[in-house]
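Residue numbers (the numbering used here), protein chains in the order written: chain A, 253 to 643; chain B, 75 to 499.
Because the hints were derived from the structure by calculation, they are not lab data. Fair warning: there could be bad hints in the mix.
Now the stretches of chain B that chain A is said to cover, found in silico as 3 or more residues with beta-carbon under 8 Å [stated by the list, open to error]:
no., segment
1, 222–229
2, 238–248
3, 434–445
Model, not experiment: these values are computed from the prediction. Glycine included, each C-beta is placed from N, C-alpha and C at the ideal position.
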Amino acid sequence: MEKLEKIVEECKEVVCDMNFQEAKQWKSEGKQRILVGYLPIYFPREMVWAANGLAVGIMGAGDYKQVIKGDAYYQSYICHLPRGIIDLALDGHFDGFDGFVFPSICDVIRNLSGIFQVEKIGHFSKYLDYPQNFKKEIGGEFYRKELDSILNKIFNINQVKTTKETLNNAIKLYNTNRRYLRLIYDIREKYPWRLSAYELYVIIRAGMVMPVDKHNQMLEIVVNEINKERGTPMDNIRVIIWGAFCEQMPLNLIKSIEMAGCYVIDDDFLIGSRWTTADIDESSEDPIGALVDAYLNHSTFSSSIYDVDNPKEKRLVQLAKQRKADGIIFASPSFCDPALLDTPICQKYCDKEGIKFISFQYSENVGQFKVIKEQVGAFSDSIKLWEETST
Amino acid sequence: MTKEVKKDKSMVLQKEMIAKQFHELTTAKEQGKKVVYTFVPGNLSELIHAFDMIPVYPEINALQSGMRKKSGGFIKDAEKIGYSEDICTYVKCDVGMLINGNIGPFGEKIPSPDLLLLSYTGCFTFMKWFENLERLYPGVPVAMIHTPYQEEGQITAEMVEYMVKQLKDDVIPKMEQVSGKKYDEEKLKTILSYARETQELINQIFETPKNIPSPIDAYFAGVYYIGPINTGFRGTPEAVEYYKLLLEEIKERIQLGLGPVTPEGEMTEEKFRLVVEGPPNWTSFREFWKLFYEMGAVIVASSYTKVGGLYDLGFRHRPEQPLESLAEYCMNCYTNFNLPQRITILKKYIQEYKADGFLVHSIKSCNSFSAGQLAMMRKLENDLGVPVGFIESDLVDPRYFSYSNIKNRLESFFQMLTQRKLVSQ
Chain A
253 MEKLEKIVEE
263 CKEVVCDMNF
273 QEAKQWKSEG
283 KQRILVGYLP
293 IYFPREMVWA
303 ANGLAVGIMG
313 AGDYKQVIKG
323 DAYYQSYICH
333 LPRGIIDLAL
343 DGHFDGFDGF
353 VFPSICDVIR
363 NLSGIFQVEK
373 IGHFSKYLDY
383 PQNFKKEIGG
393 EFYRKELDSI
403 LNKIFNINQV
413 KTTKETLNNA
423 IKLYNTNRRY
433 LRLIYDIREK
443 YPWRLSAYEL
453 YVIIRAGMVM
463 PVDKHNQMLE
473 IVVNEINKER
483 GTPMDNIRVI
493 IWGAFCEQMP
503 LNLIKSIEMA
513 GCYVIDDDFL
523 IGSRWTTADI
533 DESSEDPIGA
543 LVDAYLNHST
553 FSSSIYDVDN
563 PKEKRLVQLA
573 KQRKADGIIF
583 ASPSFCDPAL
593 LDTPICQKYC
603 DKEGIKFISF
613 QYSENVGQFK
623 VIKEQVGAFS
633 DSIKLWEETS
643 T
Chain B
75 MTKEVKKDKS
85 MVLQKEMIAK
95 QFHELTTAKE
105 QGKKVVYTFV
115 PGNLSELIHA
125 FDMIPVYPEI
135 NALQSGMRKK
145 SGGFIKDAEK
155 IGYSEDICTY
165 VKCDVGMLIN
175 GNIGPFGEKI
185 PSPDLLLLSY
195 TGCFTFMKWF
205 ENLERLYPGV
215 PVAMIHTPYQ
225 EEGQITAEMV
235 EYMVKQLKDD
245 VIPKMEQVSG
255 KKYDEEKLKT
265 ILSYARETQE
275 LINQIFETPK
285 NIPSPIDAYF
295 AGVYYIGPIN
305 TGFRGTPEAV
315 EYYKLLLEEI
325 KERIQLGLGP
335 VTPEGEMTEE
345 KFRLVVEGPP
355 NWTSFREFWK
365 LFYEMGAVIV
375 ASSYTKVGGL
385 YDLGFRHRPE
395 QPLESLAEYC
405 MNCYTNFNLP
415 QRITILKKYI
425 QEYKADGFLV
435 HSIKSCNSFS
445 AGQLAMMRKL
455 ENDLGVPVGF
465 IESDLVDPRY
475 FSYSNIKNRL
485 ESFFQMLTQR
495 KLVSQ
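Given the sequences, and given the hints that come with them, work out the whole structure.
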């Protein structure tokens, strides 16, 4: 098997392992190591690494686990993600995890942090209240206290104090990680057939479970491999998938979209891994301040961020133009208020700017892809066949 | 149940006050008054009044549209332009009303906002709602204040400081700019002192259902006769007078041993005392209420009536520190409390109000309330041994109110309560 195929296979195993053995193995190999689970979308993992810990992305149970207990916690009109996570928690899949961070992206994730508190899962459950004020002396101060609070919670568990050096080193490693990811997306912009969206997805998601240095080594190989010719160019349209930042699509749905005639040249599936759009200062006298600055000034756009001063629809259309996309697929999880309330705003602007789009809803455990595949196929045909015929 | 419905003086007074306020709103532009759209939970109405501006609450427009059977059409119109069936129906009702000319529930045009004041407390969807309004009212200034969640079950000095900075840096300057008036702290202090009196009176009113029989229904009447003046008039002498009158009437009912007033008259026998979690349904409000009072069920305490402030936990405005006090108020509404805190509050209600049962009314549209309710219900049942019930519908989407389904579930719940009472006798 070729190097890249091996990496994809390994990553797929990591992604599908709902017992998080990769992370637990890492913890068992060193003293005072801890695991901190975090939910979508973004969390500054650097802090945990600097404190001798590993931040582990909890992106839901997907279609890997039949949810039974979780359904007793949530009404039918609440998205699927939290019920899968509760099921994982109650069935012991998070045994060995020390704490959990719930970023402030919606009311469901917020209240899930409360259920973890009530059920006493882990040593701590922290709702990380991201500032919606982006001024350094206002939102920045508040955010810094939020980050300090997480470091204190970790210290209370493993007694490891972060230093300027450990924090800067962690920032450096994650900068490398983000640089590789940016590079991969840029290569795929020109040569999308060299690495499928499905392959890219499992590679990125595995990086949310494994140590960053190991993932960086993998990414280096991936970059080298896709800098060479691989695969065969197809007569596909180029699309961006948007709205899928929290509850994830089943892997086979991503494959189905590709098989329906699309190159997915950008997406927000695991946007937390690419949240910071520029390198963070890795030699700062105040590394936590550098993380704060990165959040305030170099965050990507997302449904979870108040955007009146920097409208997301414009940034999305700009991305579509930059990536030379033929269209946008708005794919949102059912009952996801943040994504679904952004959709009309973005679609209206796409209309204005002449960007074609379709939209559909899914859940992480959806098992029937035929209807979506037909819809995407018709979208692809409408652009590839009819437009080329008419021009 | 007596069939002749006699309106109390306070009911008549409330109707007059709201009619006057609505007239003031619809003629705001002619009077040169500025209009501020904002939300009910953790609202900054005292600050808005300090600049002589008029607050408009989109949720209240939506719920009134629901009560007047107009929301269904508005929601469908919003869905036609791309709003998903899955999302908050308050938002869709508001958007639908706007694209239909912003004709309010009383048939008069609601003036467009001069300022969008996004004080989002306890509900993430509020932020998304105002992002949509900002696009629907292009050019209208937006002031945003981020209210930290009580994730560790407390309000820290840092949280207050963060909010006060936002008030000083963004909210007040924008209000000055829009109103053309300078921030007058003395005026705000006066308004807050009236608000403090109002809060004290409201707290006393919500304590009265501890009597047996309860003189009021703390949920249905709570939203109908107690809540509106708190939202629309808090900080005015008129609100103080209103609540004094209401409290006097309730005290009289206690002395006479009378039960709550319902739309069909006085309730004569109190069979069940309930604590309810979650907002009510608005599209079939009367039918919904009737399902309770016909069975002799009185709601003695509810969480929903505390989204305007948890005064029973001790919060009162502090005029001497006006901005800090506003910040604390914003953080002190029910949906800004974490789940363990909410459970503690509900436990207190069940015990102190001697409730026979605990009922969740789960709302399809409202994740802020609904997500976690089943866990809370289980915890209360386990810890207190209290009988629990569960019904579900929606705020303003009539498609999600199933009368027979709710009736069946309530009948089963009341049968269970009856059995419990028989066993315990």
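Hints and how they fare:
1. 222–229: Coverage by chain A holds here, the residue count being 3 at a Cβ distance below 8 Å.
2. 238–248: holds (count 4)
3. 434–445: holds (count 6)
Of the numbered hints given earlier, the model fails none.
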